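Undergrad: Place chain H on chain Z using the hints.
Line by line, the protein sequences are chains Z and H. The first sequence begins at 1 in my numbering and counts up one residue at a time. The second sequence begins at 1 in my numbering and counts up one residue at a time.
Hints were generated in silico from the structure; no laboratory data involved. What you are looking at is a predicted structure, and each value in this text was computed from that prediction instead of being measured. Don't take each hint at face value.
Note that identical chains are pooled: a pair holds if it fits in a single copy or bridges any two copies.
List time: in silico DSSO-like cross-link candidates among lysine-lysine, alpha-carbon distance up to 27 Å [to be verified]:
| id | residue 1 | residue 2 |
| --- | --- | --- |
| 1 | Lys168 | Lys307 |
| 2 | Lys307 | Lys139 |
| 3 | Lys152 | Lys230 |
| 4 | Lys307 | Lys185 |
| 5 | Lys168 | Lys139 |
| 6 | Lys185 | Lys148 |
| 7 | Lys152 | Lys168 |
| 8 | Lys246 | Lys139 |
| 9 | Lys148 | Lys168 |
| 10 | Lys230 | Lys307 |
| 11 | Lys250 | Lys139 |
| 12 | Lys246 | Lys168 |
One-letter residues, chain by chain:
2 protein chains.
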Amino acid sequence: MAEASDSPLVLLHRPPSLTFMDEILNRNFRILNADTSSEPLPIFLDRHASSVRAFVVVGRLPITAEILSHLPSLQILICTSVGINHVDLAECMRRGIAVTNARNAFSDDVADFAVGLLLSVLRRIPTGDRYVRSGDWEKLGGFPLGSKVSGKRVGIVGFGSIGSVIAKRLEGFDCVISYNSRSEKPSIPYRYFPDILSLAANNDVLVLCCSLTEQTHHIVNREVMESLGKDGVIINVGRGSLIDEKEMIKCLVDGVIGGAGLDVFENEPAVPEELLRLDNVVLSPHSAVATQGSLDNVTEITLANLKAFFSNQPLLFQVQFD
Amino acid sequence: MAEASDSPLVLLHRPPSLTFMDEILNRNFRILNADTSSEPLPIFLDRHASSVRAFVVVGRLPITAEILSHLPSLQILICTSVGINHVDLAECMRRGIAVTNARNAFSDDVADFAVGLLLSVLRRIPTGDRYVRSGDWEKLGGFPLGSKVSGKRVGIVGFGSIGSVIAKRLEGFDCVISYNSRSEKPSIPYRYFPDILSLAANNDVLVLCCSLTEQTHHIVNREVMESLGKDGVIINVGRGSLIDEKEMIKCLVDGVIGGAGLDVFENEPAVPEELLRLDNVVLSPHSAVATQGSLDNVTEITLANLKAFFSNQPLLFQVQFD
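Only chain Z is shown next, with the shape it has when bound in the complex (with noise of 0.2 Å):
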């Protein structure tokens, strides 16, 4: 576009359906999207990428060593999501690339759908729905209880920006807080449990918002759902490898846990055709970050960073490297 000719080139990575961003990042940079091209990814690199500095990804395209060595100039990785276990963060350490995330931008959005997930499960307001649309209602009658939320005891796992604004939607129902992570915050005013096997035992659900990392992967397994017990109710708006799925499947049929809340899944947007069978669950296709509020914001965080990038002034939200 004319205007942006001057501009600094960008170059964009996005599935095909989310072009929230492009208008805006079309008016101040020359956007160089991977997208719109017919080629395979690395070709397209080569021919048009190696001196971009500014890559931005929209999605989870991985960003393996291979990707990155066909970017010899990049400089900066403005990742859109909060969890960034797509990225190759060793190798963007080791080449020198500044990583930032989304950070805060979607933690009101996912807190509120994982409480909406919660009582979604424990007051049985799909099944219901779908109880009255059968027309079974009109024909049957009464429909089964629901499960009491005020009172209940919850578990968060992983207490950052998310898990604490769950915690305080939750406190509006008289639930009873308490949190793992990988240390106590003293700051932090709930109980803290420093397993998730004590964290399972000593509540009625579960609640995972944290990463996914080497550590968390399959942290939910099935000692983790006998120790929550029949009643239990797992909701999910973490990363679907943080349960395994597989023995979460066989818990629910078989009672060990009484339900779930997921809004990711192992192999999305695969769904494994025993979970779609379930009444006791409530399922979601990874839609806890999308609304326009949360589009809009990290569509703010997006270019502010490309600004400040090309300015050389303080990013935000920059991933630290351990």
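TA: Relative to chain Z, chain H alone:
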């Protein structure tokens, strides 16, 4: 039962499925269960119940002057519901029959459910659940955005025990609360609107939790919905007839309002065919009170009121005749 043969006689009417307080009532009183008889109710009452002084009504059997005429000795009518629009209060007053309701027994559960419906509609949770279960997520990908919950302006219609708990819950979501009720309540920190039209004009969501009276029948009419506007959402956990249901369906179909979460209907359990096909509504089989916790509460209140009545102690939650 032997241990109760000297106990006072209590008449009980309940839907066949609502057996939850049978056992404890039978343990304490001689229960005359109108539901187990195949006779028409007036004949049953004339034959068995003319000496009955206490009547427990679980559910919404219309307690008309005609029914009351078959119970000349009746002194107390214990309703296990909060709403008592099924009772001819004027006739009870004329006959000197005390009436009690469930007052706060369900407030927490109904408030939880109202917030659950609000989250379900705005964040499209049951619609997303259908999208995943149908296989559309895997086939078609992306699911439409939901609407942000935090920061929404929510107008509560009827600020009694349920409305105040809903407000407390929604404060945790940083919602902006206002309300309408018969009169302004100086102790309430929220903005008061003297009429529902101005409440609708100044809010994104209306939550109905007032009782159904002649004054509140169809309180949500077309004008109110036009005032609420095209992104507006209505949540109803009160009674179906608070809304002009026919007009609401037109407004939902034509985009005059954005969506609705409905636990009650004008002619339930019959639900208008057109509603069953809409994706911007969440439908629920009158489940807002349906948890074991609520049933335990109302059983306890019923038992306490029967004991109080038969020992001339003050009643709990006696309805004041205007």
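Undergrad: Can you give the numbers of the hints that this structure goes against, from lowest to highest?
TA: 1, 2, 4, 5, 6, 10, 12
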